[in-house]
Amino acid sequence: MKSTLIRSLTALAGLLALSVSVFAHHGSRVSYDLTKQITMKGVVTEYQYQNPHIYIMYDVKDESGNVAHWGAETNSPIVQARWGWDKHTLKPGDEITITVYPSKVGSTRGYLSKLVTPDGKVTNLSAPEQ
Amino acid sequence: MRRALGVGIVVLMAVVFAPAARGQGSRGAAPSATKDLPFDAHDLSGAWWRHGKSGSTLSRNNVPPMTPSAQARYAANKPGIGRPERIVPLGNDPAMACDPIGFPRVMFYDAYPTEIVQIPGRILEFFDYFYVHRTIWMDGRQLPKDPDPTWYGVSVGHWEGDTLVVETVGFNDRTWLDDDGHPHTEDMRVEERYRRVNHDTIELNMTIIDPKSYTQPWVGETKTWTLDPKLELREDVCVPSDEEKYKEEMRVPAATAPGK
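Residue numbers (the working numbering), protein chains in the order written: chain S, 1 to 130; chain P, 1001 to 1260.
No lab work stands behind these hints, which were simulated from the structure alone.
All of these numbers come straight from a predicted model, not from anything done at the bench.
A hint or two may mislead.
Cβ-Cβ distance ranges computed for the label pairs, FRET-style [said to hold, decoys possible]:
#, chain 1, residue 1, chain 2, residue 2, range
1, S, Asn66, P, Lys1035, 51 to 61 Å
2, S, Val122, P, Gly1121, 22 to 32 Å
3, S, Asp33, P, Gly1121, 46 to 56 Å
4, P, Gly1259, S, Gly120, 46 to 56 Å
5, P, Val1252, S, Thr45, 17 to 27 Å
6, P, His1042, S, Gly120, 27 to 37 Å
7, P, Lys1212, S, Asp62, 52 to 62 Å
Ideal placement from N, C-alpha and C gives every residue a C-beta, glycine not left out.
Whenever a hint applies, use it, and build me the whole structure from the sequences.
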């Protein structure tokens, strides 16, 4: 039991060490403003659980009822597994609270920073290095 | 034991989320229970996490001067990943179109492990990144004299004491050496030296020799590989149709101002 606990805790330590190094990919870092974070409530329309990056398409409704179509990307499935993600993590219709680093040019795209899924589970991705 | 437990509890308190440990095992800096076990220096088998200080390249700091032709190719290569001063949102890295990542670039991604399998006459290295393997021939053969150009080359190895020395030739010139877009020619030769320094650790030193691209051999930093008995490689393929879909739905819109 003790050695299992140590292995798990060591895995968590490794996770912290790992998380920063895999951020930059496919020009993602250069497209997003890493000094800003926006939090939104939205409804999932697509959950693309695939390479090269998992990405979520979701609709955000403002007070007037206008709908903005957003997309947020994150790591590949094999890397995102370290945060407990799998093919069941999201599905169309899910209501989410999502925080992203937004597109530098103001388009409705972002890089995932934090996600709260309908079950209340929180995924916190550490801030990427500049 | 108690001290490690105490440190572990501090780490646990500091962590907000609860990731699954999913057969990924441990790759952190905590002391290993198996490091000082006896080992066979000629047995490199197992799944190894790879670590380097330079990230996804042979080395950051001592890249030799490039020849004029290599410089021209380097300037034309537009990375989508890597150093901020070089990357552009819509680069031309062939790996982003799912061209084979090739050797030695496949060796440099620290987030992805290598699994080594030794069978008579061969050592096989498996990579979940791009889901490929390479063969190191250990049957005493010579390097081919006039090999066909390939993405991963032809590798021949032999033991010098406790060091596995591997030489690879027979490359095409279509792969990048790293995310930064360093080029190479078909005449490149790569030398690797593997040494298992304790039960849990392999040290890998690699040199790239390509006089048509680099005026001196490019001697890499020492990469450190650590054994993980619980690690199971997973499929991580590059799918051209998924790349296309991702590009249309995310990569291009992220870099395109609204109304354009």
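- Non-conforming hints, listed in increasing numerical order: 2, 4, 6
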